[in-house]
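Participant: Fit chain E to the known structure of chain X by using the hints.
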Amino acid sequence: MGTSRPGRMNAPGITEPTEAIARARAGDAEAWGELYRDYAPAIFRFCRRALPTREDAEDATMEIFMKLKAKLVQYDATRSFSAWLYKVAANHCWDMLRRRKIRQDKETDDLENVPLEHPDPGQLERLIEQRTSAEVRKALDKLGGRARMALVMRYYSDMSYDEIADALGVRRAFVGVVLLRARHELRQALEGNAALAAGGTS
Amino acid sequence: MSNTPEEKMKHLDEMTLLLYIERQLDRARALEISAHTQECDSCRTLLRAMERESRLLTRAMLEEDEPLPSRLVQFQERARKSMQWIWGVAFGLAATGVYAFYTEYIELWLKQLETAGFGGTNLLGLLIFQGTMWKGWQSMITLLEVLAMVTLGGLAAMFFRRRIRRGSALALVFAGLCTVLAMPQGASATEIRHEERLTIAKDEVIHGDLYAAGGRIRVEGTVEGDLVVAGGDIEISGHVLGDVLSSSGNLRVTGQVDGSVRCYAGNLLLKGKIGRNVMVAGGDINIDRDTKIGGSVTSFAGHETIDGHVGRDVLALGGQVTITGDIQGSAKIRSGELIIDSSARVGGPIDFTSDNAPQVSSGAKLASPVHYEKPKHREDYRNVHYYIWQVIWTAAYVLFGLVLFALMPKFSADAVKAAVHYGASAGLGVLVGFGLPIAACIACVTVVGLFVGLATLSLWYGSLYFGAVIIGAVVGQWLMGRTSELWPLIGRMAVGVVIVRLFTIIPHVGWVFKYGAAFWGIGAIALVVYRRFQPVIAPSVPSAPYSPPLPPNTTVGGAVPA
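Sequences listed follow chains X and E, in order.
For the first sequence, my numbering assigns the number 1 to the initial residue and increments by one for each residue that follows.
For the second sequence, my numbering assigns the number 1 to the initial residue and increments by one for each residue that follows.
These are calculated hints, taken from the structure and not from any lab test.
Positions of the beta carbon are idealized from the N, C-alpha and C atoms, including for glycine.
DMTMM-like mimics (lysine to aspartate or glutamate), calculated; alpha carbons at most 25 Å apart, straight line:
id: 1; chain 1: E; residue 1: 410; chain 2: X; residue 2: 55
id: 2; chain 1: E; residue 1: 10; chain 2: X; residue 2: 120
id: 3; chain 1: E; residue 1: 10; chain 2: X; residue 2: 117
id: 4; chain 1: X; residue 1: 138; chain 2: E; residue 2: 65
id: 5; chain 1: X; residue 1: 69; chain 2: E; residue 2: 414
id: 6; chain 1: X; residue 1: 142; chain 2: E; residue 2: 63
id: 7; chain 1: E; residue 1: 410; chain 2: X; residue 2: 95
Some chain E residues well away from chain X (every beta-carbon gap over 10 Å; in silico):
id: 8; residue: 249
id: 9; residue: 250
id: 10; residue: 273
id: 11; residue: 302
id: 12; residue: 339
id: 13; residue: 422
id: 14; residue: 456
id: 15; residue: 459
id: 16; residue: 513
id: 17; residue: 514
With the rest of the complex left out, here is chain X:
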């Protein structure tokens, strides 16, 4: 059915680096290097999408891996390593953004106001058709911290609503609202079209 969510449900996942993790836990520098080589590019890209500047992303990546070194013993080997890694990364980036008070006014909005509009489908379709992924990445820069984090967590690292709720400190029921608002912000940034961003009426 056409409603299946886009994503990596059918994509082959990385085989779990169980052995490398066990060795890294025991203090094996080689194993640690292996983990770093395998996962640093993905974490850097995560940070690059979530944080405002390249320097921030580089700093954050290093900090996350340093944090990880100490936290590795907490990792439950029965769970997905990369999912856990993204969770640590998400918490770190969100902490960083919060500390800098990058949040915009929009984000202090009452989340209970669920947007229930039905925007003009044709207009949205045209907007999406005309945009490249590079433009989307550029537009991400204009988003508020929370909107950005939400989109990155959902569409980059494929985190569940529960995980996103946990990382952002909002109730699970409002994750959808945060994501939809983020999409509106993104549309606005892509188009500068206030009508689409706010959601037109049916």
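Facilitator: Below, chain E alone, put in the same frame as chain X:
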């Protein structure tokens, strides 16, 4: 669509469609949406547009648009390589430090103590594990050692591993303390008394050890065991067959103590008979004419007068020492002034180290003339060795900083950041810098608090150095700009430490920089510790991973279905 029922005419809102796309709706609701979109063009178009939006987002996110920066490529390699030699250097440094400390201080001390009549083989053992304090406690020494390890381990755990919850570490330490508190009653036939005004009457006999505490304590009777006493004003006019261990404002011993007297007192007056040694730290010490001490006297005092009889040697460190009595053994004295009166008799050699020459009366009966030595001052600016040592010390600081920064990168970086809040960190530095050692010393007075106190003291001492290193990093950042990266920060720390050290060797005012930096740094460290232990509102770190559907990999978002 005018022929469709009215409710079907009502278009689906975007929120519902998003939740549908993201598979967050229950099955029944999802079927409803599916059915609606089959029939409603507008909703179907919107749904498709939103799905495309999702795909566009995923693609934009996953595209490998830029390679891993070289800084990140090198980061791990650099860290790994440097860590290896850091450990080598740290180990070497530690070994050198321990050796230097032993030969410079401990060995010297042991020798002095030995000449003063203490055949102690181990300084720590002499001070802590021997004598009164542990009589009846011997069986507990191992327990206490274990406790010391637990305490230190707990502190270390709190500092190094935030993931060990503070509660559990504290609980461990307190559990240890409580165990020790609960133990002594069972460990010996000890009598414990605690009263504001406590008097052991003349005809009273304590058959065993007495542990007493109170504002005013009079021991007029007999204690057959040891007397361990803490209080404001204490007088022992009776007879103690064992040792006396005391901590008090005033202590007068006019009676007889068959064992040793070890005490800390503001004022100490000895007027009786002491069978063995006297070891005392205090403001004023008076060993009266009628006193007879069988063993030796070791003292740290502001003013000390030895008018009585000392059977063996005297080791005295302090401001002013006056000898008018009779010392059978030798005397080793390091004080501001030494006055030897005409009535004095000293059987052994007298070594005196001071800036001031001793005042020796011609009538004094000395076995040999006073061997007087002026202490060598450390700040001998003409001596090349002084500068070599300065370089060694600076290197030691840098290496110490390196190890700490490498071990606790986040903590160190936070401390450097906190140090920039000049007012707060300086204020807190003065508070903690002075307050902590005082609190630790107070803790040391009580038997149970001894290890907590000692651990705190050593921690405090260590953070004096760490503080200087932190300030080095701050100074380095002033000169070379701010950084949040570890290795550049370490570089700035090294440069800063060298500069701070240069300031500290300035004659006369150097100490201001030295202690200023140390205390300022301690303040910054305290600030970070305080912030860390503040309750966190939103936990920033996941405690357990939640299983997500499937993690993405690092490949380009090629997995997007059509």
